[in-house]
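Participant: Work out the full structure: start from the sequences and follow the hints.
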Amino acid sequence: MVEIRWHSRAGQGAVTGAKGLGDVVSTTGKEIQAFALYGSAKRGAAMRAYNRIDDQKIINHEKFMLPDYVLVIDPALAFTDNITENDKPTTRYIITTHLNKEELIKGIPALQGKEDRVFAVDCMQISLDTIGRAVPNAPMLGAFVKVSGMFELDYFLESMKRVLSKFPQKIIDSNMDAITRAYNEVK
Amino acid sequence: MAEKYEIKEIEVWDGNYAMSQALRQAQVDVVAAYPITPSTPIVENYGNYVANGYIDGEFVMVESEHAAMSGCVGAAAAGGRVATATSSQGFALMVEVLYQASGMRLPIVLTVANRALASPLNVRGDHSDMYLGRDAGWIQLDAFNAEEAYDMTLCAFKIGEHLDVRLPVMVHQDGFLTSHTAQNVHPLSDEEAYGFVGDYKCVDEMLDFTRPVTYGAQTEEDWHFEHKAKQHKALMDSRTIIDEIFAEYGKLTKRTYKRVESYHMEDAEVAIVALGSSVETCRLAAEELRAEGIKAGVVAPRCFRPFPFDLIREALKDVKAIACLDRSSPGGAMGALFNEVSAALYSTQSRPMVTNFIYGLGGRDFSVKEAKRIFMEQKAHVDAGHITTPIQQFSGLRGPKLGFFETKRS
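Taken in sequence, the protein lines are chains A and B.
The opening residue of the first sequence carries number 1 in the numbering used here; numbering runs sequentially from there.
The opening residue of the second sequence carries number 1001 in the numbering used here; numbering runs sequentially from there.
One or more hints might be untrue.
Looking from chain B toward chain A, a few residues come up when the C-beta cut is under 8 Å (computed) [said to hold, decoys possible]: (1) D1029; (2) V1123; (3) D1365.
Covered stretches of chain A, going by a simulated chain B footprint (3 or more residues, C-beta under 8 Å) [to be verified]: (4) 12-24; (5) 55-64; (6) 78-86.
Listing some non-contacts, in silico: residues in chain B with all C-beta distances to chain A over 12 Å [what the hints assert, rightly or not]: (7) E1058; (8) G1079; (9) E1226; (10) Y1249; (11) V1260; (12) Y1263; (13) E1266; (14) R1283; (15) E1314; (16) D1383.
FYI, nobody ran anything at the bench for these hints, they're computed from the structure.
Positions of the beta carbon are idealized from the N, C-alpha and C atoms, including for glycine.
Facilitator: Right, here's the structure in full:
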């Protein structure tokens, strides 16, 4: 079982990202669960989304998890939310930030001592450059593909094209650019 | 002719999307709806399918849930296949018309994303609305995950519309925990799904002007009781039809449902009885405890109404201690599931020990760890030979422990 926790603000696409990841994972024969804690949360409110990935049917419906990956798609939440909550000695962090990794960790005491498990990528800038709007979910998926090694990049891109097939070609292309750039830039 | 909707062999759908696809595949003629969180996407998607030509149906926008169910009653009496969705306060506002629908024997399908009732206002999942509907004369089916939400919705049409049943059917799923949780779903093709549900069979439809009929007539003490008795008998008699339809669905999908589901019960010494997504979480807890040598099992009513009194008794009679989990504030009584399960077990020789847990209100998390703790408490009752805790307890509540009533047997 692989467990993933997304830290996001409502409107940044964590739910869509978690479900998109789920769509791709399901094509590999694995079982997936994607859910979120929001409800009446308004755009901009801090929220969390979750994935579980397993070889067997997932029957665990608790919200509690010990995440294997923590994906932070809002730069400020890395500082204000408790992103290390219930973490494990192996939990990996992928954090969107304009800072470099050293500067980032310097500002977040909870990440100190976990340097080898922290990865930085500027999903905001990448999505502004490629998609034209601050929708950091697609680039985060690219960074996750790289850090987790769960898929080959080409396989993931092809699968995401199918997931996005109802959108205009321009949107599909810009999302592919965003995923690829984050894959290459995450450190 | 409706447009073809592309469906893959494995989809990643949440419960709401799965239910809306079932409505599309059943080719529902009319949806009259007033959307409410967390059930909104069910009817929103149906409206989308109508607008984009994927279904030849009609979406009727109304001013309240009372009107939504009233519109459904009208459309069903006219002779159409009818469905809608609701939750929580919307369900509460529908209640008057729920009784009208069942009294008129109209096979409407109501998909429910279970949610807490205010006050305090809360959009998250508990079973307050499901429990509110339990005396309304509807069949109530319960789904524990997204795929089951799809399966139960398809079955609901076939059960309710069966000529020996003709009753409205609710399909329940947990708000957010199922309605908004995407998981792998293996849908049927449109042809298979519609082939299973079948064409709608009209009975006494009002649009047959050659044969005028009256719906919702007034009866006082001369006939009301006989009508209600017939309705109750129809619910009781629907049990065998539900079994047949579940078996037929099982042949089609390899997913065979039972009115009472049992997991790890072969030699179980302790059991949890629950509804909704918690059933699966408890299964996981039972599996983990079995690895430690604790004989734990889970029993879950798939069909909440008609209540499976006989099957519950059969499933639990050899167990020593049972925890009944109620996800609804019992308002000054024991939980409904506890009461009904206890009543069934009272007519057995063994009369196992039964305790009641109120849990998960307003969406409070229910963890595997807590399910294991509850199992272990049942084990402690077995080892002591009597109930060692208050009979009713609150699980997952912050602050001091809350419990009521001591056992009078030893």
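Participant: Does each hint hold? Answer for all of them.
Facilitator: A quick look at each hint next to the structure:
1. With 8 Å as the threshold, the beta carbon of D1029 of chain B stays out of range of chain A, its nearest partner Cβ sitting at about 26 Å, so the hint is violated.
2. About 4 Å separates the beta-carbon of V1123 of chain B from the nearest beta-carbon of chain A, less than 8 Å, and the hint is met.
3. Given the 8 Å rule on beta carbons, the hint for D1365 of chain B holds: about 4 Å separates it from the nearest Cβ of chain A.
4. With 4 residues carrying a beta carbon less than 8 Å from a beta carbon of chain B, the region 12-24 of chain A meets the three-residue requirement, and the given coverage holds.
5. Coverage of the region 55-64 of chain A by chain B holds. Counting CB-CB distances below 8 Å, 8 residues qualify, and the rule asks for three or more.
6. Interface restraint, the region 78-86 of chain A with chain B: violated (0 residues with C-beta to C-beta distance below 8 Å; minimum three).
7. At the 12 Å boundary, the C-beta of E1058 of chain B stays outside the reach of chain A, the nearest C-beta of that chain being 24 Å off.
8. No beta-carbon of chain A is positioned within 12 Å of the beta-carbon of G1079 of chain B; the least distance is around 35 Å.
9. Consistency note on E1226 of chain B: stated as away from chain A, and its beta-carbon is indeed over 12 Å from all of that chain's, at 44 Å minimum.
10. Separation of Y1249 of chain B from chain A is adequate, the least Cβ-Cβ distance of about 18 Å exceeding the 12 Å criterion.
11. The non-interface label for V1260 of chain B is consistent with chain A: the shortest C-beta to C-beta separation is roughly 18 Å, beyond 12 Å.
12. Its beta-carbon lying about 10 Å from the closest one in chain A, Y1263 of chain B breaks the requirement of being farther than 12 Å from that chain.
13. Distance check on E1266 of chain B: its Cβ is at least 19 Å (rounded) from any Cβ of chain A, clearing the 12 Å threshold; non-interface status holds.
14. The beta carbon of R1283 of chain B sits about 6 Å from the closest Cβ of chain A, which is not more than 12 Å, so the claim that it is off the interface is violated.
15. With a cut of 12 Å on Cβ distances, E1314 of chain B stays outside the contact zone with chain A, its closest approach being about 24 Å.
16. Once the 12 Å rule is applied to beta carbons, D1383 of chain B is consistent with being away from chain A; the minimum gap is 27 Å.
Checked against the numbered hints above, the structure breaks hints 1, 6, 12 and 14 and satisfies the rest.
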